[in-house]
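Peer 1: Residue strings, one per chain:
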Amino acid sequence: MTTLATLLADAARVDPDTEALVGLSRRYTWREYDRAAANVAAHLLAAGVGRGDRVAVGFSKDARSFVAIHGCLRIGAIVVPLDPMSPPMAARSVLTDADVAAVFVDARRCEQLDPWSIDGLALRTLVTAQPSTDPRTAAFDDVADRAHPDALAALERLPPVAADDPAYIIFTSGSTGRSKGIVHTHASAMAYAARAVESRRLTPADRIAGMSPLHFDMSTLELYAAPLARCAVVVVGEAHLRFPASFTSRSQDERVSVWYFVPSFFRLVTERGALDQRDLSALRLVMYGGEPYAVGALAELAAAVPNAVIENIYGPAEVNECTSHVVTPATLQGDDVPVGLPWHGVDLRVVDELDGDGDDRFVDVADGEPGELWVSAPTVMTGYWRRPDLDARSLVLRPGGFPWYRTGDVVVRDPDGTVWFRGRRDHQVKVRGIRLELEAVEAVLTDAPDVVHAVAVPVGDAGEAAHVAAVVVLRDGAALDEAALRAFCTSRLPAVGVPKEFRVVDRLPFTATGKLDRRHVREHFADTPVSTSASTTPAAGPASAEAMEETA
Amino acid sequence: MTERPTGFDTDLVEMITREVSLDPSIVIEPDTDLLLTGLVDSLGVVEIVGWIEDRLGLSVDPADVVLEHFQTVRLMLDYLDRRLAG
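Chains G and U, in that order, give the protein sequences.
Residue numbering for the first sequence follows the numbering used here, starting at 684 and increasing by one per position.
Residue numbering for the second sequence follows the numbering used here, starting at 994 and increasing by one per position.
No lab work stands behind these hints, which were simulated from the structure alone.
In this text, all values refer to a predicted model and were calculated from it rather than measured experimentally.
Cβ atoms here follow ideal geometry from the backbone N, Cα and C, with glycine treated the same way.
A hint or two may mislead.
Chain U is nowhere near these chain G residues, computed Cβ spacing over 10 angstroms in every case [what the hints assert, rightly or not]:
1. Glu794
2. Ser882
3. Glu921
4. Asp1133
Computed, partial: chain G to chain U, Cβ under 7 angstroms [stated by the list, open to error]:
5. Met768
6. Ala922
7. Arg925
8. Phe926
9. Ala928
10. Ser929
11. Leu951
12. Ala957
13. Ser1059
14. Arg1186
15. Arg1190
Could you put together the complete structure from these sequences and hints?
Peer 2: As structure tokens, then:
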């Protein structure tokens, strides 16, 4: 069976001189990409790094990250993508938790993290993007541009990497601050890549924008599906993601055909990407995932890229992609976009959990009823890195099949199999006794005129909130019309879901992977009154609208 | 031809440091790469553009809000000087 270890060599054999990787300052053909990765692999071997060792790759985004990652995979080392922007404490704890044997980072980042000084880490090599004065540190170009013939010969003699070998670990910071590492094997990654190539009909004619941070599982498209289909990746730097007009300019100039990223970014692209001045005729497919896309905003995107098919992709990093939905005109007429139908080979359950301890406490709910989504698929992770406690909570063994992963996502399934995301189990709150999904409130708010981003905050005790407040970012120059916004919500939400208070802020925090950091916002506003504009006004007088809404 | 008001450049640096920078302890020089260092995120860029538009009474075309014009304070000033001269 093919593994990630041979992807580049296979592509280079068929299409040696075709463009493979367009970096910010350097371009690679498949042969060059393959050779550079082999040189990195030879360097790692010579340094004593081998099969099963963890290697952190945390360069700021450019072609060199791709080369380094494929170099690690070739020798069966386990890639640990490291967020180049994360706080130093968090990055050091990932290096420690993963117990890495090698680190690839920018020189500036290296000074900040000082990996050699981390207690208990048996580091065998450190490679920086820029040359360093530290003799223990190698410069990336020296490593990737040439290798000693003996080291390359040793590489040739390595036994092949096995499909069940771990290939990469995606670390996310858990809610308690302890990191969680999601372990994927060559087999689970290849299962994703093969399905992505097939279902998106990726061919060597495609050029994929490499937009995703590499510590985010969306990057498996550009890292693994792209070489399997032999389509080129046009690397998009972190800076392009802050300048949508630069991103669209690069897309135009490099004739990019596929985008895949989060709605928060695509909203910036439609608002500030200067799309009316760009020729994006090569763009045929725009995929989004990671968070819901408000229908109104999605319609703006659809109008802005009329030649492209838009597809909603769903799947937690633990299972990678598992369902998808192609956006149609009918989708844009609805209130909500489904996460769609499962890929072939993916089994789903929608489960309710009854009281008790036995496995019989899990019962499948009827179509149309909300329940937790369980996924069993060849793309499922093997487990969390050295966290049997989390494995026991998240994975349910399934005799003769891939284990069930309990997503923690609440969904509803239609009789035709279409799945609708309803929220996170842990975002479900009770407001005056009624179960409410905060995401549902946010989806309505972001559909309202002038609202760009919204976070719903339960006010009061977390288990039993008194009401919901909303923190919103408005379109430039817009002012808050509280009555209109409340009326908009009242016509679309159950009464308990209509925010009682609104707070306008200039900006909201985003996570390292570009998604709105809702948890952070909720925690920030949990203990403080969001505003006093409505909640303390007596029922008589101008605020009587509030009393009316109670009875609505 | 119009010129930048006196003190515009120091006000710009102060505004970025105080209101936009994700790490106000970092001293912003004319050639500090605001993006590489992660000092400014996408919303920060929007704030900077809005502030410039208010201060100079001009409107910046979204197509001009690109890396080449906003990566450093010096690039911003060069771009604005060209705009004001045009």
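Peer 1: Now tell me if each hint is right for this structure.
Peer 2: The hints, checked one at a time:
Every CB of chain U is more than 10 angstroms from the CB of G:Glu794 (nearest about 13 angstroms), matching its label as outside the interface. Remark: the non-interface label on G:Ser882 is consistent with the geometry, its nearest Cβ contact in chain U lying 30 angstroms away (cut-off 10 angstroms). With a least beta-carbon separation of about 7 angstroms from chain U, G:Glu921 fails to lie farther than 10 angstroms from that chain, contradicting its non-interface assignment. Non-interface status of G:Asp1133 relative to chain U is upheld: no Cβ of that chain comes within 10 angstroms, the nearest being about 15 angstroms off.
Below 7 angstroms, beta-carbon pairs count as interface contacts, and G:Met768 has one with chain U at about 5 angstroms; its hint therefore holds. With a cut of 7 angstroms, the hint placing G:Ala922 at the interface with chain U holds, because the nearest CB-to-CB distance is about 4 angstroms. Interface hint at G:Arg925: satisfied, since its Cβ lies 4 angstroms from the closest Cβ of chain U, which is below the 7 angstroms cut-off. The beta carbon of G:Phe926 is positioned within 7 angstroms of a beta carbon in chain U (closest approach about 5 angstroms), and the interface hint is therefore held.
Taking 7 angstroms as the C-beta contact cut-off toward chain U, the hint placing G:Ala928 at the interface holds, the least distance being around 5 angstroms. Proximity of G:Ser929 to chain U holds as hinted, the smallest CB-CB distance being about 4 angstroms (cut-off 7 angstroms). Of the supplied interface hints, the one on G:Leu951 holds, with its beta-carbon coming within about 6 angstroms of a beta-carbon of chain U, less than 7 angstroms. At its closest, the beta carbon of G:Ala957 sits 4 angstroms from a beta carbon of chain U; the interface hint therefore holds under the 7 angstroms criterion.
Annotation: interface hint on G:Ser1059 violated; nearest CB of chain U at approximately 38 angstroms, more than 7 angstroms. Hint on G:Arg1186 is violated. Least Cβ distance to chain U is approximately 17 angstroms, over the 7 angstroms limit. Evaluation of the G:Arg1190 hint against chain U yields a held restraint, the C-beta minimum of about 4 angstroms falling below 7 angstroms.
Comparing the model with each numbered hint stated earlier shows that hints 3, 13, 14 do not hold.
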